[in-house]
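Protein chains in written order, with numbering that gives the first Met the number 0: chain A, 0 to 652; chain B, 0 to 312; chain C, 0 to 226.
Just so you know, the hints here were simulated from the structure itself, not pulled from any lab data.
All residues carry an ideal CB built from backbone N, CA and C; glycine is no exception.
Each hint should be verified, as a subset may be incorrect.
Claimed, not checked - Derived pair list, reagent style DMTMM-like, types lysine to aspartate or glutamate, alpha-carbon separation capped at 20 Å:
hint	chain 1	residue 1	chain 2	residue 2
1	A	Lys95	B	Glu49
2	A	Lys633	C	Glu98
3	A	Lys600	C	Glu160
4	A	Lys630	C	Glu160
5	B	Lys215	A	Asp164
6	B	Lys215	A	Asp208
Stated by the list, open to error - To be clear about the criterion: a stretch of chain A counts as covered by chain C if any three or more of its residues have a C-beta under 8 Å from a C-beta of chain C, and this derived list gives those stretches:
hint	region
7	587-598
8	601-613
9	640-648
Said to hold, decoys possible - Partial list, derived from the structure: chain C residues whose beta carbon lies under 10 Å from chain A:
hint	residue
10	Asn34
11	Glu36
12	Trp37
13	Gly48
14	Leu92
15	Leu94
16	Ala95
17	Tyr165
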Amino acid sequence: MILSFTFTKSAYCQISLDYFGNAYSKFNSRFRLNSLESNISNYNLTNDMELATTFSSEYNGGLNSSIYSISISKRINSHYFYVRYSPGISQQFIIKSGMNIQLPDSVAQLKTKLNYEEKFGMGYAFNFSQFFSLGFSLRYFSQEFTEEKPVLFYTDSVNYISVKDEIAKSNFWVGDIGLTFLPHPDFMISIFSNNLFLSEESKQNYLTDIYSLKRNKGITTKLFISPFEQFNISAGYETYGSYYTGFNFSTKLFRGFLTIGSLIFHDRYQKPFIAGFIPSLNYSTNFFSITLSGVKYFSNRSKVQSIDDMIKYGIHSISNNSYSNDKVFLTINFSLSLTREKQIKLIDVDIKDDIYPTLNDIFIHKPFAIGKVVNLTNKIIEVRPSCLIQKVNDEIVYSPNVKLLPYDTVEVPYYIFINNSLITKREISQAEFFVSVDDLEPDDKIQKPILINDKNSWDGSVSNLVYFVRSDFEFSSKYSKNILQSFKNYLDTINYELLIFNQVKILFENFIKEMNYVADPRASVEHVQFPNETIKLKGGDCDDLSVCFASLLESIGIQTAFVDYKNPDGISHVNLLINTNLSPSRMNLITNNDSKIVIRKNTDGKDEIWIPIETTCLKDFDTAWNLAAEKFNKEAIEEYGLSNGKVTIIDIY
Amino acid sequence: MLLNNKGGILFPPFKILLCFIIMLFVISCGEPSPTELIFDNQSENNIQIEPAQSDNDANLNSSGYDTTGVVNPFLSKSTIINITGVRNTNYGMIQSEGYYYAIFNDKTKPIKIKNGKLIGYKSKVFSSVKFDNYEAVKIPNVIRFVDGMMVRDTVLGIKYFIKQRMMQNGQMHSFPFSSKVNIKIAADRNTFTQFDVAIPSEIVGKVSLEGNRLRKNLNLILEWNKKFDDNVEIIIARFRQNSNDTEPLLKLKGNEIGKIKLPYSILENIITPQNKFLIISFIRKYEKQINNIILDDTYIVAQSIHNIKIEIP
Amino acid sequence: MKKIFLIFISITSIYAQSFVVEKVSGNVQALIGLNEEWTKVKVGQLLKGSDLISTGEKSLVQLNNNGVRFILQSNSALNINNIKRLSLNELLLALAMEEIRNVPKIKEDNSRRNTAVYGEKVESVTGDKSIFNDLGVKKLNGAKQLAINGYKESAILLAKETYRKYPDTKTRIDDRLFFVNLMIELHLLNEASSELNELKKMKLTKDQNEKVEHCFEIINEEMLKNN
Numbered sequence: 000m001i002l003s004f005t006f007t008k009s010a011y012c013q014i015s016l017d018y019f020g021n022a023y024s025k026f027n028s029r030f031r032l033n034s035l036e037s038n039i040s041n042y043n044l045t046n047d048m049e050l051a052t053t054f055s056s057e058y059n060g061g062l063n064s065s066i067y068s069i070s071i072s073k074r075i076n077s078h079y080f081y082v083r084y085s086p087g088i089s090q091q092f093i094i095k096s097g098m099n100i101q102l103p104d105s106v107a108q109l110k111t112k113l114n115y116e117e118k119f120g121m122g123y124a125f126n127f128s129q130f131f132s133l134g135f136s137l138r139y140f141s142q143e144f145t146e147e148k149p150v151l152f153y154t155d156s157v158n159y160i161s162v163k164d165e166i167a168k169s170n171f172w173v174g175d176i177g178l179t180f181l182p183h184p185d186f187m188i189s190i191f192s193n194n195l196f197l198s199e200e201s202k203q204n205y206l207t208d209i210y211s212l213k214r215n216k217g218i219t220t221k222l223f224i225s226p227f228e229q230f231n232i233s234a235g236y237e238t239y240g241s242y243y244t245g246f247n248f249s250t251k252l253f254r255g256f257l258t259i260g261s262l263i264f265h266d267r268y269q270k271p272f273i274a275g276f277i278p279s280l281n282y283s284t285n286f287f288s289i290t291l292s293g294v295k296y297f298s299n300r301s302k303v304q305s306i307d308d309m310i311k312y313g314i315h316s317i318s319n320n321s322y323s324n325d326k327v328f329l330t331i332n333f334s335l336s337l338t339r340e341k342q343i344k345l346i347d348v349d350i351k352d353d354i355y356p357t358l359n360d361i362f363i364h365k366p367f368a369i370g371k372v373v374n375l376t377n378k379i380i381e382v383r384p385s386c387l388i389q390k391v392n393d394e395i396v397y398s399p400n401v402k403l404l405p406y407d408t409v410e411v412p413y414y415i416f417i418n419n420s421l422i423t424k425r426e427i428s429q430a431e432f433f434v435s436v437d438d439l440e441p442d443d444k445i446q447k448p449i450l451i452n453d454k455n456s457w458d459g460s461v462s463n464l465v466y467f468v469r470s471d472f473e474f475s476s477k478y479s480k481n482i483l484q485s486f487k488n489y490l491d492t493i494n495y496e497l498l499i500f501n502q503v504k505i506l507f508e509n510f511i512k513e514m515n516y517v518a519d520p521r522a523s524v525e526h527v528q529f530p531n532e533t534i535k536l537k538g539g540d541c542d543d544l545s546v547c548f549a550s551l552l553e554s555i556g557i558q559t560a561f562v563d564y565k566n567p568d569g570i571s572h573v574n575l576l577i578n579t580n581l582s583p584s585r586m587n588l589i590t591n592n593d594s595k596i597v598i599r600k601n602t603d604g605k606d607e608i609w610i611p612i613e614t615t616c617l618k619d620f621d622t623a624w625n626l627a628a629e630k631f632n633k634e635a636i637e638e639y640g641l642s643n644g645k646v647t648i649i650d651i652y
Numbered sequence: 000m001l002l003n004n005k006g007g008i009l010f011p012p013f014k015i016l017l018c019f020i021i022m023l024f025v026i027s028c029g030e031p032s033p034t035e036l037i038f039d040n041q042s043e044n045n046i047q048i049e050p051a052q053s054d055n056d057a058n059l060n061s062s063g064y065d066t067t068g069v070v071n072p073f074l075s076k077s078t079i080i081n082i083t084g085v086r087n088t089n090y091g092m093i094q095s096e097g098y099y100y101a102i103f104n105d106k107t108k109p110i111k112i113k114n115g116k117l118i119g120y121k122s123k124v125f126s127s128v129k130f131d132n133y134e135a136v137k138i139p140n141v142i143r144f145v146d147g148m149m150v151r152d153t154v155l156g157i158k159y160f161i162k163q164r165m166m167q168n169g170q171m172h173s174f175p176f177s178s179k180v181n182i183k184i185a186a187d188r189n190t191f192t193q194f195d196v197a198i199p200s201e202i203v204g205k206v207s208l209e210g211n212r213l214r215k216n217l218n219l220i221l222e223w224n225k226k227f228d229d230n231v232e233i234i235i236a237r238f239r240q241n242s243n244d245t246e247p248l249l250k251l252k253g254n255e256i257g258k259i260k261l262p263y264s265i266l267e268n269i270i271t272p273q274n275k276f277l278i279i280s281f282i283r284k285y286e287k288q289i290n291n292i293i294l295d296d297t298y299i300v301a302q303s304i305h306n307i308k309i310e311i312p
Numbered sequence: 000m001k002k003i004f005l006i007f008i009s010i011t012s013i014y015a016q017s018f019v020v021e022k023v024s025g026n027v028q029a030l031i032g033l034n035e036e037w038t039k040v041k042v043g044q045l046l047k048g049s050d051l052i053s054t055g056e057k058s059l060v061q062l063n064n065n066g067v068r069f070i071l072q073s074n075s076a077l078n079i080n081n082i083k084r085l086s087l088n089e090l091l092l093a094l095a096m097e098e099i100r101n102v103p104k105i106k107e108d109n110s111r112r113n114t115a116v117y118g119e120k121v122e123s124v125t126g127d128k129s130i131f132n133d134l135g136v137k138k139l140n141g142a143k144q145l146a147i148n149g150y151k152e153s154a155i156l157l158a159k160e161t162y163r164k165y166p167d168t169k170t171r172i173d174d175r176l177f178f179v180n181l182m183i184e185l186h187l188l189n190e191a192s193s194e195l196n197e198l199k200k201m202k203l204t205k206d207q208n209e210k211v212e213h214c215f216e217i218i219n220e221e222m223l224k225n226n
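With the hints as constraints, model all of the structure from the sequences given.
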């Protein structure tokens, strides 16, 4: 209050108004629908580059149209730059003095011409966060005052008066700072200085003393409130004692939004109390914005006014003062780069898994990366995550859509499909993660390095050995059938019930015959051979052998399961359980010792006899069976391994 | 084809708008006309100025410091009657005088100089001229004129003249300001004409300077005791070089508020360090014409003049 | 809680069951380890956890483990590691394994599964069933003796295992009712009622039926109490 009182003691004109009036709304906020006068802090939501041109038409005895201003703005991340050339922010005065001079052939009335121009301005803003923006503006003004003065020439023969021009020029810069605070999307407050920094370029004389723009310092506060989605109220107050208020209403029209606004203002030194009003009509799409606005002053501006008031009170704003005429403005804003407004932001992506080409299927069911996405809009939007990993995918892989509430942050899963599963070299590749809202370009993306393993790589999870089992079915089936073919005569003679048991036995005996060695399990923990590789190499570790033998059985329809023995020292062991398809009551067909079998209920609810096999035992089938049974009984049953999770049975489907 | 930065083709509205803008650029060539502002009618800035002497520079006044002649350089009238109360202010010293005179020109006898320029007429002689029953003295009517490069004096005839010297204090009790003077002109013993001439109230002027010459806002403030329905003229003159003769420069018409702010710039190339005195004469006058058997084509003037000598710093 | 639990398990496994044969009367045989052949049991022989002992008609064997004595009566069989006191937790863990061991149900079409072998063909083939059934019955007898000797938890486990491995023993309804009562005693109400439900589907005598109904009543009462 004290501050405002101090300032109102001197005389001022409303200086924080510009020709856009109250055109700004939430629906056209990506265009700059205000200018340096009313937005010193340059808070703006322009997302890339923008060109704005304003034409004005002014009635001043006749209709005059001219280019009012041309501005270019550019956003680079949090930085916003604005440059304005404003040939239209100018006002000329002619002051007819009472001095009439008798010239040789006429009578001259001496005049003083005043020319005020704000030639250009520039602004900068930095967005500290979505809540807070700080900026400044610099404006360049030029003034020229020309006074006609009589000069007497007196010689012996000639005596006359001529007219001489006294010219005074004064150019200056005005710098101001402002900040904009948005505690809530529906509430914005701006505070900025008026005439904070001044720098005079030229010397002064009596003409500039009288006529220069008044540059008293002050503070302007502006409020923007949106009580309803489509309705906004704004108000501004200058410490000089001038204020304004307005509202606007937006509605969807075709592919854009129409905003109708109106603003009235009280100016301490314009009459009447409500000095004028600024209606505005704006239509904005994503690509352009057209604003038709105007200023209607309520006092009679066509009346010739006295110079005395002007000398007494001065002029504080070129574009809005007691002598300003009614004007109409047409402004066209373009989005120069047609990047769409960002609706979502991908904050970060956390890659959960390296890529294992052979484990392709699990990546379809299990996200390999989790992205964190924030909804920047006040609408519910559906985000479509997608990604592309070089060397793995030929094209973008889309993951399921995720719904986001307004301003919500959620995690979105990224799935991948591996096109190229025969990767032979382990290397780091680049994964590109995208989020998009519609079918157009992605709204945001992040690139991250990701390890692409070769086809033999394994993540250590026994359940994922299944993929190695399955990958070579064709080979395995051929291999198994070849062996069984040579035992066809024998197999034809045996009890049909024992067919599977005998097939397993024959295959195992032949399989271990081929194998020469068992690799040190420590050597290749995360490397698994494909069945054909194991056969070719004639050996492998427990993983390789279990995978290979399981594949030989599964490929001909014999049901197998991995038994994963987890060891606290980190070296796990894997062997197999094989379904003999025998009912428990037929146990005596294969063994007298019920400790060698595992009864498992099949999916139909019937119990079947499974036998454990230690694939790393290259001696014979019975030894391999006994070894495995011993291990199973001890670790899985007696030590409750199955219950406490130390032993897991993983069925191979 | 218009391409956006992503290589895509710009959609039609953009093109339409671009054309529209170019069109507007073309038609938007008007410049708003200036806003006109004027001074109030009642303003010290309301001045009418003209050079004090027209091209008839042949006839110069001859009355020395007295600038009464200034106002009547040459009048092509048969009868000229002048009643003038003069106040001279010179550095605070005030001197007042009254002048009454009458000249009767014989327009049939013009006097010209070599170049054919008319400088006056031979004067007619009347039996007597009385101002308020004081009989005027006949004195030579000397005029001064420029003949080529020379300034010469010559006598054109006689004029009927009374000079009233006032008290040292400058009070001109005996000059009939705001009153009237009876004039009786006798052609011979039997033929005369008699009439009253109203005398205006005494004019009291004041000259001051305002502003600064370096800041180019030096003004001469001229003020006088404004009266209703006034007819005031102000003559600005300087001294002729090395002479007591004055040289009128400007003639201003008095305005309604009794105050004029005269930009000094008008005089700045007149005032020199050698010659920096100005004489400002405030003149309030009534004029009258009479037509009868004896007098016709008359110019009768009654005036109050205040001459102020100032020095421009 | 979990830590303590795990430590407890490891302790029991360190002191794996081993019994010295103190007394043998009649025909007592053992299946040592994973051997396929039965051998005669002699006094002073050390029997380990996975060894299975079996007694014939009018035979018995007395075992001693550091003063803990166990006499297996005639016509009975059990694994040495069955003679073990279990906590209720251990029992529950062991019971849970039954489920874990099963082939998980999958939604997808399992037509490629080779399960058709099962069924009538099994019945058509005759084998040396009787010995096996005998072993199953002996095991149930062994389980009963475990129960009588206070190894109730082990008894239930052994019975359940026997029913699965020797499905023909399931027809011995009175035995089953014995174990149902044992389950009720140990508050294994769910286990008990599923057993009873299976029994109900079988042909029961009037007396057996009454017993089944009586067990149901008890279970219901117990459940109400718990609630």
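(request) Run the structure past the numbered hints and jot down the numbers of the failing ones, going up. (result) none
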